[in-house]
Amino acid sequence: MISLIFFYIFAVLIVISAIFVVISKNIYYSALWLALTLFSVAGVFILLNAYFLAGIQVLIYIGAVVVLTIFVINLTKEIEGKKEKQHNKQVIPALLASLTGAVLIILAVLKTDWSSRIINWTAYDETAKLGNFLLADFVIPFEAASVLLLIALIGSIAIVSLDKENK
Amino acid sequence: MELIKNILYNTDKVLKDFYNWSHNLWVSFNLPVILLDIIFYLLITAAVAAFLVFNALFIIYYDRKVAAKFQVRYGPNRVGYKGILQTLADTIKLVIKEDINAEKVDKIIFFLAPFLVFIPAFMVFLVIPFGKGLIPADLNIGILYVLAITGLSVLGILSAGWASNNKYSLIGGMRSAAQIVSYEIPTVLVILSILLLSGSLKMGDIVNAQSSITKWFIFMQPVGFILFLIAANAEINRAPFDLPEAESELVSGFITEYSALKFAFFFLAEYTNLFLASAIATTLFLGGWQGPFLPPFVWFIIKTYLVVTFLMWTRWTFPRIRVDQLMEFSWKYLTPIAFINLIITAIIIKFV
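Residue numbers (this note's numbering), protein chains in the order written: chain A, 120 to 286; chain B, 3 to 354.
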């Protein structure tokens, strides 16, 4: 009962703040609304007993991604504090793309047999289980993802230093 | 006499008995149990809030006295016995002062920022083990929760700097964000090596793993302890890492435009964070509330205040480091040392 009430609170918060991320005229406000969206998602994770995921969600998405976003906004003098229009003439392609995404997600939700996938997470030590999944069962995808991130990291550093040499 | 002894040494049992007693009373009146739970949650929150405020009042006074000792002067000594009521007087002054809003600040974010800084500090108290069983909620993810929530305060600091519409504030906020994000990495690595020893993220389990003085993690992780203290000191923005509010360069950094109650919130958050950093260092390295003879709660406070005193000592003896040295120090020294520390810990646990 209580968890249902909290689920609706978080769901409404997610939707409203996500809409404000898109329609805010001030890009700094968008970033703060994004933080609220991600925080509410962490709340939903807690309702699903996925405490570890909730912690990681807040730590990485708000503590790192949103903070870096705001950092970049502060560094960019052109848009700082200015009222920016957040849409251009690409409304129809954007609509098509997001509709496709929405249809795919709805289809996936409807077609999945959820009853066979409900796991009683409280029975496990969730964090240990997750660690075993990542570093034993799925170690190759996990390492591949890390290599991908490393490539992105080195690539961005290389691009920045190229820029410096040209000047 | 027996009751007082019980309250001091078995606080959790006394509280549990009290809860059960009121639960029975509640049921006999046919009231919904959920209301009672809500009342108890509110009571716990109120108790933590009261502790936070009184602790901050004392810790500010203590900081000023310690500073005075280091600089061979008296410090506050007029209001109350040896000036003990000085912070109370200052607080009243701050509350009744005029709340000045500069004209071109971003009103909404300018108003929100102090709360964004203060609320995370308050939320961390949820997992601080004050004594045996005296922990508001022993979450499964304990220390991860602390890391996640403390990361939130960066948002408030950045927002304060941005909303003030003032170059000193903006630079202060940016410095602070860069600093907190960078020093979070050695902190997390040190905490990881602690977790290898404790085998659990729960604060209660981490304390229980250090059941005797020889098992305190400070003796197994001496390097980790020093790294943690340095990084924690940097994360709470205190000297020698107080670049976000370096007076000689940035007026007061991100709090330049703030006055009255909003300023008080930043001040409260700063000293609460000092206490929290010390409390977490105590929990992770100094055996938390464990100790002979004295009640657990008293042990916890003594150890925490020892760490607080140490942090104040460093604050008043070291000069502020330069801004270019700041990042270098974290990325080129602390992070590699923390990595080596983690690898050595893992190897020793695996093979010894």
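Take the hints with a grain of salt, since some may be wrong.
[As the list claims (entries may be wrong)] Quick list of in silico lysine to aspartate or glutamate cross-link-like pairs, EDC-like style, CA-CA up to 20 Å: (1) A:LYS144 with B:ASP19; (2) B:LYS15 with B:GLU4; (3) B:LYS169 with B:ASP92; (4) A:LYS248 with B:ASP207; (5) B:LYS18 with B:ASP140; (6) B:LYS15 with B:ASP207.
I should point out that these hints are in silico values taken from the structure, not numbers from a laboratory.
Hint-by-hint comparison with the structure:
1. A:LYS144 with B:ASP19: violated (55 Å)
2. B:LYS15 with B:GLU4: Satisfied, since the Cα-Cα distance of roughly 14 Å is no more than 20 Å.
3. B:LYS169 with B:ASP92: Given that 20 Å is the threshold and the Cα spacing comes to 29 Å, the pair is violated.
4. A:LYS248 with B:ASP207: Given that 20 Å is the threshold and the Cα spacing comes to 18 Å, the pair holds.
5. B:LYS18 with B:ASP140: Satisfied, since the Cα-Cα distance of roughly 15 Å is no more than 20 Å.
6. B:LYS15 with B:ASP207: holds (19 Å)
Of the numbered hints listed earlier, those contradicted by the structure are 1, 3.
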